[in-house]
Amino acid sequence: MSLTSEEVEKIAGLARLELADDEKESFRENISSVLEYVGKLSKVDVEDTEPMSHSVPVLNVLREDEAVPCAKGVRDQVVDSFPESEDDMLKVKAVFS
Amino acid sequence: METKGLTASDIAKDLEEGKFSSRDVTEAYLGVAKGNTESTHAYVDIDEDGALAAADEADRRRSKGKTLSCLDGVPIAIKDNMLVTGRRATAGSNILKEYVAPYDATAVVRVRKAGLVILGKTNMDEYAMGSSTESSCHGVTRNPWDTERVPGGSSGGSAVAVSEGSAPIALGSDTGGSIRQPAALCGTVGFKPTYGRVSRYGLIALASSLDQIGPFARSVRDATDLLRIIEGRDSNDSTSVDLKDDWVLPESIGHDVKGLKIGIPKEYFVSGMEDGVEAAVRSGIERFKELGAEIKEISLPHSDYALATYYIIMPCEASSNLARFDGIRYGTRIPADTLEETYRKSRGAGFGKEARRRIMIGTYALSAGYYDAYYLRAMKVRRLIANDFTKAFVDVDCILSPTAPTVAWRLGEMMDDPLSMYLQDIFTVSVNVAGLPAISVPCGLSDGLPVGLQLIGRHFDDKTVLKAAHAFEQASGGFTEFIPATV
Chain G
1 MSLTSEEVEK
11 IAGLARLELA
21 DDEKESFREN
31 ISSVLEYVGK
41 LSKVDVEDTE
51 PMSHSVPVLN
61 VLREDEAVPC
71 AKGVRDQVVD
81 SFPESEDDML
91 KVKAVFS
Chain S
98 METKGLTASD
108 IAKDLEEGKF
118 SSRDVTEAYL
128 GVAKGNTEST
138 HAYVDIDEDG
148 ALAAADEADR
158 RRSKGKTLSC
168 LDGVPIAIKD
178 NMLVTGRRAT
188 AGSNILKEYV
198 APYDATAVVR
208 VRKAGLVILG
218 KTNMDEYAMG
228 SSTESSCHGV
238 TRNPWDTERV
248 PGGSSGGSAV
258 AVSEGSAPIA
268 LGSDTGGSIR
278 QPAALCGTVG
288 FKPTYGRVSR
298 YGLIALASSL
308 DQIGPFARSV
318 RDATDLLRII
328 EGRDSNDSTS
338 VDLKDDWVLP
348 ESIGHDVKGL
358 KIGIPKEYFV
368 SGMEDGVEAA
378 VRSGIERFKE
388 LGAEIKEISL
398 PHSDYALATY
408 YIIMPCEASS
418 NLARFDGIRY
428 GTRIPADTLE
438 ETYRKSRGAG
448 FGKEARRRIM
458 IGTYALSAGY
468 YDAYYLRAMK
478 VRRLIANDFT
488 KAFVDVDCIL
498 SPTAPTVAWR
508 LGEMMDDPLS
518 MYLQDIFTVS
528 VNVAGLPAIS
538 VPCGLSDGLP
548 VGLQLIGRHF
558 DDKTVLKAAH
568 AFEQASGGFT
578 EFIPATV
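Residue numbers (my numbering), protein chains in the order written: chain G, 1 to 97; chain S, 98 to 584.
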């Protein structure tokens with residue numbers, strides 16, 4: 001399983017990751033070798049096997065949908081950790097432009 | 098005060114007898130932690146003021162006869178992917194380098210409620226992705242047994258702290274071996290509880306169906322006492338469970354293994370293991386025989402596929418979990434002209450190589466056209482691997498294997514070859530894939546470096562694993578042999 005440079009670019013785009021030009025080739029090689037290794041699963045007979053997403057079956061864990069206010073200090077710290085802000089509002093680039 | 102080799106229960110006893118105060122012992126550990134920042138570098142953040150204040154409170158409680166638990170006043174170190182209010186939580190990543198936690202992880206809340214004294218945060222591979230603690234944005238952590246060698250990972254800082262005596266106990270997290278493998282390479286006890294036993298709330302997620310928080314300690318008893326404090330259902334983690342009566346740890350863990358059936362998976366003793374590791378583990382098997390345990394060869398037929406299954410499921414979950422780190426709400430933002438460019442630049446600059454590799458592998462395996470061939474297939478093989486264990490546990494009570502195929506290797510040796518680093522996890526990943534409890538205990542030295550032996554148990558039968566490990570420890574006369582020379 002060997003990826004092309006175009007595929008590497010495409011995956012990086014999907015993952016919203018910028019790769020430096022000098023890294024692209026080593027990423028292509030590393031990721032290709034990992035994909036080749038994990039490709040061995042194609043040899044396993046999985047006919048009639050149910051997929052398993054969790055090891056401990058817990059289903060429908062529900063609680064009342066109640067708003068729990070957070071402590072004042074917690075709110076302030078969350079606001080303080082905004083990368084950019086105006087007053088205590090988070091500042092972001094326009095989503096639609 | 099010599100902290101190296103001191104167990105939490107030694108400290109608790111001496112506190113009880115008034116031989117020293119929590120402040121004395123906390124100062125001693127802080128001294129080692131600070132003294133070793135240039136050499137082993139176990140800690141990335143030492144909270145001296147917070148620790149001393151907590152120690153003074155513990156001393157006040159004790160003077161009034163109002164201790165909160167058997168470990169009240171005992172110091173502890175916390176891996177840097179767990180949130181501790183008001184302290185940085187970086188997960189070893191540049192993108193979170195300045196991030197300050199606004200609340201406590203549930204495990205941290207429980208540690209505080211038991212009166213333990215938090216010394217600081219320990220180093221780790223970025224986002225817990227690695228087996229060597231070399232990929233942290235804070236720089237490498239070194240093995241106290243030989244500072245030219247890695248401590249294992251990803252919880253390398255916690256393992257080193259307990260090994261070198263800069264903490265008697267510590268918390269780590271284990272997604273594919275990240276507690277057990279560094280415990281093995283540093284000569285400490287490391288335990289991964291059954292998935293669901295300990296809340297993951299406030300643990301920065303790597304792979305949510307595999308991650309579990311657990312203890313590092315110098316003795317099995319300490320690991321058990323710490324597990325008792327952190328375990329149990331938490332309404333903030335829907336995958337944490339109420340412990341049934343059968344699952345509860347007994348007051349005294351016991352050490353009678355007469356008649357206990359221990360399985361040796363024949364698939365684990367084929368190739369790739371260093372001779373010195375195999376010899377130490379085989380001597381461990383002999384010790385269990387002498388103790389009256391019944392040793393049986395078993396088969397886990399899908400073992401050869403465990404690592405491949407893990408290296409699909411883990412990056413898929415990681416690529417999804419790490420999508421939240423985009424430079425928008427917290428963490429480092431690299432400003433750009435558009436929102437999408439901001440994402441790309443912030444994530445490109447903020448994540449290190451291994452994090453980006455795994456995000457890319459996960460993104461690819463989950464992308465349209467590849468989902469069935471990779472992720473869906475891996476989830477099916479996951480079922481087969483779990484079924485192997487279920488079948489094996491009909492005949493045996495626990496399973497014994499090496500923890501890691503090698504002893505600690507030289508720094509830098511595997512950094513450019515991710516696949517060979519992944520092979521370090523060959524004996525540990527199946528346990529996470531199946532969600533089982535497993536411990537690593539030191540079982541010998543090879544070329545002067547510690548070797549770990551792994552014991553795996555049934556779902557929620559953590560107590561049998563701990564009992565068997567305890568028996569092994571008692572028969573070894575404790576783990577006093579596994580104290581590194583002064584760094």
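There could be a bad hint or two in this list.
Simulated coverage check for chain G against chain S, where a stretch passes if three residues somewhere in it have a Cβ under 8 Å from a Cβ of chain S [what the hints assert, rightly or not]:
no.: 1; segment: 11 to 20
no.: 2; segment: 31 to 38
no.: 3; segment: 56 to 67
no.: 4; segment: 82 to 91
Because the hints were derived from the structure by calculation, they are not lab data. On a predicted model such as this, the values are computed, not experimentally measured, just so you know. Virtual Cβ for every residue (Gly too), placed ideally from N, Cα, C.
Quick rundown of the hints versus the structure:
1. 11 to 20: Since 9 is at least three, the answer is holds.
2. 31 to 38: holds (count 6)
3. 56 to 67: Per the Cβ count (4), the hint holds.
4. 82 to 91: Holds, because 4 residues of the segment 82 to 91 of chain G bring their Cβ atoms closer than 8 Å to Cβ atoms of chain S.
The structure shown violates none of the earlier numbered hints.
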